[in-house]
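Engineer: Add chain E to chain W, keeping to what the hints say.
Number of protein chains: 2
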Amino acid sequence: MNNFTFYSPTEFVFGRGTESQTGELCKRYGATRVMIVYGGGSVVRSGLLEKVKESLQAQGISFCELPGVHPNPIDTKVYEGLELAKSFQPDFMLPVGGGSTIDTAKAIAAGYYYEGDFWDFYIGKAKPVKALPLGVVLTIPAAGSEGSGNTVITNTRTHVKNGLRMPMLLRPKFAVMNPELTMTLPAWQTASGISDMMAHILERYLSNTPEVQIGDRLAEGMLLAIMEMAERVMKDPMDYDARANIMWCGTIAHNDTCSLGRQEDWFSHAMEHEISAEYDVTHGAGLAVIFPAFLQYASTHNPHKVAQLAHRVLGVADSGNPSHDALQGTMVLKTWLHDVLHMPVTFAQLGIPSPDLELMNTRLHKLKGEILNGYMQLDAAATLEIYKLALD
Amino acid sequence: MNNFTFYSPTEFVFGRGTESQTGELCKRYGATRVMIVYGGGSVVRSGLLEKVKESLQAQGISFCELPGVHPNPIDTKVYEGLELAKSFQPDFMLPVGGGSTIDTAKAIAAGYYYEGDFWDFYIGKAKPVKALPLGVVLTIPAAGSEGSGNTVITNTRTHVKNGLRMPMLLRPKFAVMNPELTMTLPAWQTASGISDMMAHILERYLSNTPEVQIGDRLAEGMLLAIMEMAERVMKDPMDYDARANIMWCGTIAHNDTCSLGRQEDWFSHAMEHEISAEYDVTHGAGLAVIFPAFLQYASTHNPHKVAQLAHRVLGVADSGNPSHDALQGTMVLKTWLHDVLHMPVTFAQLGIPSPDLELMNTRLHKLKGEILNGYMQLDAAATLEIYKLALD
Numbered sequence: 027m028n029n030f031t032f033y034s035p036t037e038f039v040f041g042r043g044t045e046s047q048t049g050e051l052c053k054r055y056g057a058t059r060v061m062i063v064y065g066g067g068s069v070v071r072s073g074l075l076e077k078v079k080e081s082l083q084a085q086g087i088s089f090c091e092l093p094g095v096h097p098n099p100i101d102t103k104v105y106e107g108l109e110l111a112k113s114f115q116p117d118f119m120l121p122v123g124g125g126s127t128i129d130t131a132k133a134i135a136a137g138y139y140y141e142g143d144f145w146d147f148y149i150g151k152a153k154p155v156k157a158l159p160l161g162v163v164l165t166i167p168a169a170g171s172e173g174s175g176n177t178v179i180t181n182t183r184t185h186v187k188n189g190l191r192m193p194m195l196l197r198p199k200f201a202v203m204n205p206e207l208t209m210t211l212p213a214w215q216t217a218s219g220i221s222d223m224m225a226h227i228l229e230r231y232l233s234n235t236p237e238v239q240i241g242d243r244l245a246e247g248m249l250l251a252i253m254e255m256a257e258r259v260m261k262d263p264m265d266y267d268a269r270a271n272i273m274w275c276g277t278i279a280h281n282d283t284c285s286l287g288r289q290e291d292w293f294s295h296a297m298e299h300e301i302s303a304e305y306d307v308t309h310g311a312g313l314a315v316i317f318p319a320f321l322q323y324a325s326t327h328n329p330h331k332v333a334q335l336a337h338r339v340l341g342v343a344d345s346g347n348p349s350h351d352a353l354q355g356t357m358v359l360k361t362w363l364h365d366v367l368h369m370p371v372t373f374a375q376l377g378i379p380s381p382d383l384e385l386m387n388t389r390l391h392k393l394k395g396e397i398l399n400g401y402m403q404l405d406a407a408a409t410l411e412i413y414k415l416a417l418d
Numbered sequence: 027m028n029n030f031t032f033y034s035p036t037e038f039v040f041g042r043g044t045e046s047q048t049g050e051l052c053k054r055y056g057a058t059r060v061m062i063v064y065g066g067g068s069v070v071r072s073g074l075l076e077k078v079k080e081s082l083q084a085q086g087i088s089f090c091e092l093p094g095v096h097p098n099p100i101d102t103k104v105y106e107g108l109e110l111a112k113s114f115q116p117d118f119m120l121p122v123g124g125g126s127t128i129d130t131a132k133a134i135a136a137g138y139y140y141e142g143d144f145w146d147f148y149i150g151k152a153k154p155v156k157a158l159p160l161g162v163v164l165t166i167p168a169a170g171s172e173g174s175g176n177t178v179i180t181n182t183r184t185h186v187k188n189g190l191r192m193p194m195l196l197r198p199k200f201a202v203m204n205p206e207l208t209m210t211l212p213a214w215q216t217a218s219g220i221s222d223m224m225a226h227i228l229e230r231y232l233s234n235t236p237e238v239q240i241g242d243r244l245a246e247g248m249l250l251a252i253m254e255m256a257e258r259v260m261k262d263p264m265d266y267d268a269r270a271n272i273m274w275c276g277t278i279a280h281n282d283t284c285s286l287g288r289q290e291d292w293f294s295h296a297m298e299h300e301i302s303a304e305y306d307v308t309h310g311a312g313l314a315v316i317f318p319a320f321l322q323y324a325s326t327h328n329p330h331k332v333a334q335l336a337h338r339v340l341g342v343a344d345s346g347n348p349s350h351d352a353l354q355g356t357m358v359l360k361t362w363l364h365d366v367l368h369m370p371v372t373f374a375q376l377g378i379p380s381p382d383l384e385l386m387n388t389r390l391h392k393l394k395g396e397i398l399n400g401y402m403q404l405d406a407a408a409t410l411e412i413y414k415l416a417l418d
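As they're listed, the protein sequences go chains W and E.
Using the working numbering, the first residue of the first sequence is number 27, and each one after it goes up by one.
Using the working numbering, the first residue of the second sequence is number 27, and each one after it goes up by one.
In case anyone wonders, no lab produced these hints; they're calculated from the structure.
Treat each hint with caution, since some may be false.
The list treats identical chains as interchangeable, and a pair is accepted whether it falls inside one copy or across any two copies.
[As the list claims (entries may be wrong)] Straight-line alpha carbon distances no greater than 27 Å define the calculated DSS-like cross-link-like pairs of lysine-lysine that follow:
1. K331 / K261
2. K156 / K53
3. K199 / K156
4. K199 / K53
Bound-form chain W, shown alone:
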């Protein structure tokens, strides 16, 4: 096991009706002027936004609003938010929504105190040293952004989707999580979110760092719980407890609970980012396409963790042949993603029958280097093969 620091100081306030505590929580964390960030109509239609505003007003907290964040959040919305922040001068950010909304708010929080272009942070040209604090009201369990210091933004000029990781500076102070708010999510969005959180766990699970048995067991437990609850929630979207289990899994999948003491592998996420940056697909759906291909490739080239996953999570009996079992597990997972989550698991099913694999692959290695050095050593030929395995 490698040395590690585990620091997850977000206060998670979880359960029915918890959104009414938003104002109180903002106040406790020092907010007096709040910028509310949100997406489209559902937050408004459901009455959630109104409730949040009322709870702010009840605490004497003033606020401004930045609506209109879209899935796959983009730089132009961040610039708009930074303009608004300049005039309103908030001392606290409050995204109400899912990962896109939170990531946009984090970008504004980091950019607020910076003289230059906030994008500098996302290309490693500069590092934020100060940021506005933020709290979150979560409505879509998926990205895990409510418990992480991570943010991902797409540059609309270059089509590059880049991430920034500031575990101390950009981790939310609190996250209000009411599973009831997720009951009206469309099935597609629910399923994409589940796909995303499963990928977050697998990226941590796929590691060559030996001897992190507790991390493996925690990750396997999360996957078992998610898969059991996903089957329920896809049948009955109003199943509160299934929603609750899934919502919490989405958070701990990404707050480092199962990352401890090992190198993670974020290259399937990176491979997906190229897909969604180019074709604007839903992130979780892109992952459902890439992940089985990634595991299939691993089954031949480095099967041991995939075989363990197959045995402990996917119901594959141990045949003594890791490659065989890994491949069988991959097929179980691929079928499950398709049959239970109704996710696309190939480019063709994603509606992109002829993707420009060379373009994405070139961008991928331009961004991440010649060799992706993670669970496997992947050069351009290897990643191209993985992209091809995802074709159909």
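Structural biologist: Structure of chain E alone, referenced to chain W:
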């Protein structure tokens, strides 16, 4: 799933050599005058105390020392510490040791700002509103006190062992955790610690709150990892990775990771506290005696969670008869505690062939009420039966 708040803001700095960061961490959390609290000789003999002092000196932090904390920490040491604190006026507490040392430091931290007797906090007569902040250098993985706001102290006049739970006020700011420091622990202490942390998980697992599948899976994963690693560490005390896995399990067993959204059952702990308060036995050993008896009783009276444990963790095949499987699982665990950990699993093996069960039982219910209302409803007759099941 019940509503819950999860808030675990301790910064865990884990791995080889991390004790050299102690001074730096103290400084980061605002310490200028530190009271070091520790137990007996091993912290001195190993050179750890010297290293910690050097790292404080390197940061210009002054300190005083309170040595001599014994296992099953007692009120008189707290009074001694409070006297010392009055003259030295520390602004930060730094226990270096295991649960007893940390719990003593927490009691001093809470008592420091209180005019009355610190024991008032432990009998519910008063509630601390302010406490000295504390950081921890952990040397014995067991109690989980490094990641919790809990402290347990024994009153030497009344033989009552009472707890105080202040998740916000008494949770350590940081915990330095170097598994190497645990390699020289005697086998008995290693095994007692493992027994203690397994009990912490089981107390959270045994719950009637339905639909917390993720909490169950996390708890099961922790138990699987602990049992695998325990077998290794009992064979080879110098097995770093086994030590590391166990050390981290001890923390997450008690920092609420697997408590989310359900009522816990702390009555086997309470039953053990009566044993160690009366007979001054090692807490983990007392738990190894009480827990199998508790599970055996549950196998008849409320088997469902014990049966699930048997199926998912203890290798018992599902026979369709929960009571049968629960009892079989109990026996597997009891045998494992005895054969692998070399723990006593009966009062007789604990060296108390004729314990005063009536006395302990009376004290238990005087402290906890007529009915212990947890995973089971236990009146005095029921707890007496459990004590009796532990006789031999």
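Engineer: When the hints from earlier in the document are held up against this structure, which numbers fail?
Structural biologist: The structure conflicts with no hint, since it agrees with every one listed earlier.
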